[in-house]
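Trainee: So you can see what is in the structure, the chains are spelled out below.
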Amino acid sequence: MNPIRKKRLLSIFFVFLFSVSGVSLILYSLNSNLDYFFTPSELKEVDIPTKKRIKIGGMVLEGSVDRNASDISFTITDYENSIVVLFEGIVPDLFKEGSGVVALGYLNDEIFYAEEVLAKHDENYMPPNLDIEK
Amino acid sequence: MIVEISHFLAIISTALFFLAGLFALTIKNTFYTTNLISKTFSHAFLFFSASFFIYIYLAITDDFSVQYIANHSNSALPIFYKISSIWSAHEGSMFLWIFFLALWGFIFNIFIKNTEILKPKTIGIISLVIVGFLLFLLITSNPFVTILPIAPVNGADINPVLQDPALAIHPPTLYLGYVGFVIPFACSMAFLINNDASVKWESLVRKWSVMAWIFLTIGITLGSWWAYYELGWGGYWFWDPVENVALMPWLAATAFLHSLSVSIKSSHLRTWTILLSISVFSLSLFGAFIVRSGIIDSVHSFANDPQRGLYLLAFISAIILISLSLFISRFSLTRNHRSIKTLSKESFISINNIFFVTLIFSIMLGVTYPLIYEYFYDQKISVGAPFYNAIFIPIVILASIFLFFSIESKWSRSLDLKIFINPIFISLFLSFVATLIVFINLEKINIFVLLSIFTGLLIIFRYLIEIWSSFVYKKYLNPFSAIAHFALGLLLVSISLNSLLSSERALNIKINEYEEYKDLNIYFRDLNLVKGPNYDSVKANFVVEDQNGKSFNLYPEKRRYSRRGQITTETAIYITPFRDIYLTIGDQLEDGSWIVNIQINFLIRWIWFSAFLMAFAGVVLISSKRKV
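Here the protein sequences line up with chains B and G, keeping their order.
For the first sequence, this note's numbering gives the first residue as 1, with consecutive numbering after it.
For the second sequence, this note's numbering gives the first residue as 1001, with consecutive numbering after it.
Fair warning: there could be bad hints in the mix.
[Unchecked claim] Once the Cα atoms are required to be at most 30 angstroms apart in a straight line, the calculated DSS-like pairs of lysine-lysine come out as:
| hint | chain 1 | residue 1 | chain 2 | residue 2 |
| --- | --- | --- | --- | --- |
| 1 | G | 1039 | B | 7 |
| 2 | G | 1380 | B | 96 |
| 3 | G | 1039 | G | 1028 |
No lab work stands behind these hints, which were simulated from the structure alone.
Starting from the given sequences, assemble the full structure and let the hints guide the process.
Mentor: This is the structure in structure tokens:
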């Protein structure tokens, strides 16, 4: 093989090698940092390790909100299944009973320990995967 | 009807812009045709700006027969917010976007002489981009729709979280940045069409690109600052999809400016520069698509409409496809047969390009992966801060180390490290000592955070030495580069220390009670019901005393806006040079106590200060007389 071609081939090989390893590193870190989204009904069908951070979305069940000091507990429901959520801190302004909510956190023994509670900045917001006619 | 005049003017200007584009790209350029194209463009702009200013007039005079104004403004608003209500939702903000696009083209048209060989084509391409957006405005998001025959007496209100001076100027600044990159884009395309490698399009667009970059930097920073005090979450960056689509063009633009300086100096990296000019502009458009199509859930997204998304997607795809095929067909134009010397400034900047592209690619993946994943696996996912931190922290640290060594590098010559042992050694030593001090004084330790403090300090000390020697030994120093990179070092250190030191806690406190948090003593003095012009509010009064016995009042509020019934949290922030005391109130409990969230945010002002310092560096470059 002529030397110029050999050099070129070698550099193509290295560029390829670096790109592939770079992209796979990025994809790896992407896959280990994904937050899966579940509705309470979907949650029933899957088995989630307690160390896995997930998102749960649904409606805040009417009458389920219970505050104790700076802790708050409430039930997220899709009106078929529901799950109890514990959270410490201030819930967003748009959080209210009977409206949509998304919680980010960890599931342990049927109780969801939320790190973050989000309500959309839009009064007509409905969490994804939920089309409930009320 | 005045609104019809505005509408009509917009339609005429569309036709004129189209003509300008048609002339530029079909007729052979001579002095006379250039003159014709330039005149046509100016007139198109005249018509369009008349249309835009009439629309502003309509908003100021409360013409609620215009549906958009009726839905987003209110006669009780001060004039300032009546104007800013125009860009508080989709149609009007698109209108503003196009106005800025045309404005950039117009200023370019005035300042660049007709003898400039790339001018007619550049103006033509800008015109066609404007036409694309104008058709989008007129067909899918018409702001001129009227409510007839009976106009409402009063308008709905502007969204209360948007009634804020920082937010009123945040979108215009950001848009000026986004669309400003139409100039380097159009110019690089004109260069490719013109097919002459000796034409230096890069020098022509340098200052224009820096100007757009300044606006983009300030726009993003204003958004971050606004979110911090208005939304009540207390952070400065959330890796929200909409923030991400603003960060991508910024990163691309920053890489573009680096690459551009190489292409100007030594005609290297011209391929990179053209590809980056395409990337910056298409990423700006991609941002518009993400925000306006509603394809991704975000706190920022506008009310959505699939037709708009489809149009924008088709438009962006067309722009990317056409520009890339043009680039490929003229690939030989940008080839440079000399190779780059190892450890020269060029080599460092090409490495820098690779880092930036990796970051952009990662964000792009993070933004689009949920869509791809849901399509294939029917499972909703989201990508949050952990992913971006995992990618950004190591890459930024690496890039900073390269930056540190590149400071002494020379154009087209290898770097001789031996000569620069002293400044490198001194800054290494100083940074090490400073990081050690941080390390000893902290309970929480994170190796990556320490590393980024260390690299940030490296850059800071290294540039301090440079600045010192430029004063003492009259050694040449590029002020733009020095200020911008110094700001980067400062940004790194502030972000790292902020993440290490800041903390928050939710307290449960009754009126007249005391509570302690860290070195602070918090006393809940009072709570009042206050009536504002268009809201009712619960206003609390806290007296906070720090360890030095210094005490101050904080008044966090919770407001309910009468018109929309929307509830907002008004934070109370006590600002000191090194930390913010940040208070928000939540709900009242059954026993009468209130939930109060207290945060101590360290060095958060320094983060924005660093970003503004970067923008200031751009101003220094623009105002410098030195060519290139």
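Trainee: If a hint holds in the structure, say so; if it doesn't, say that too.
Mentor: Hint check results:
{"no.": "1", "hint": "G:1039 / B:7", "result": "violated (53 angstroms)"}
{"no.": "2", "hint": "G:1380 / B:96", "result": "holds (24 angstroms)"}
{"no.": "3", "hint": "G:1039 / G:1028", "result": "holds (17 angstroms)"}
In summary, the structure is inconsistent with hint 1 from the numbered list given earlier, while agreeing with all the others.
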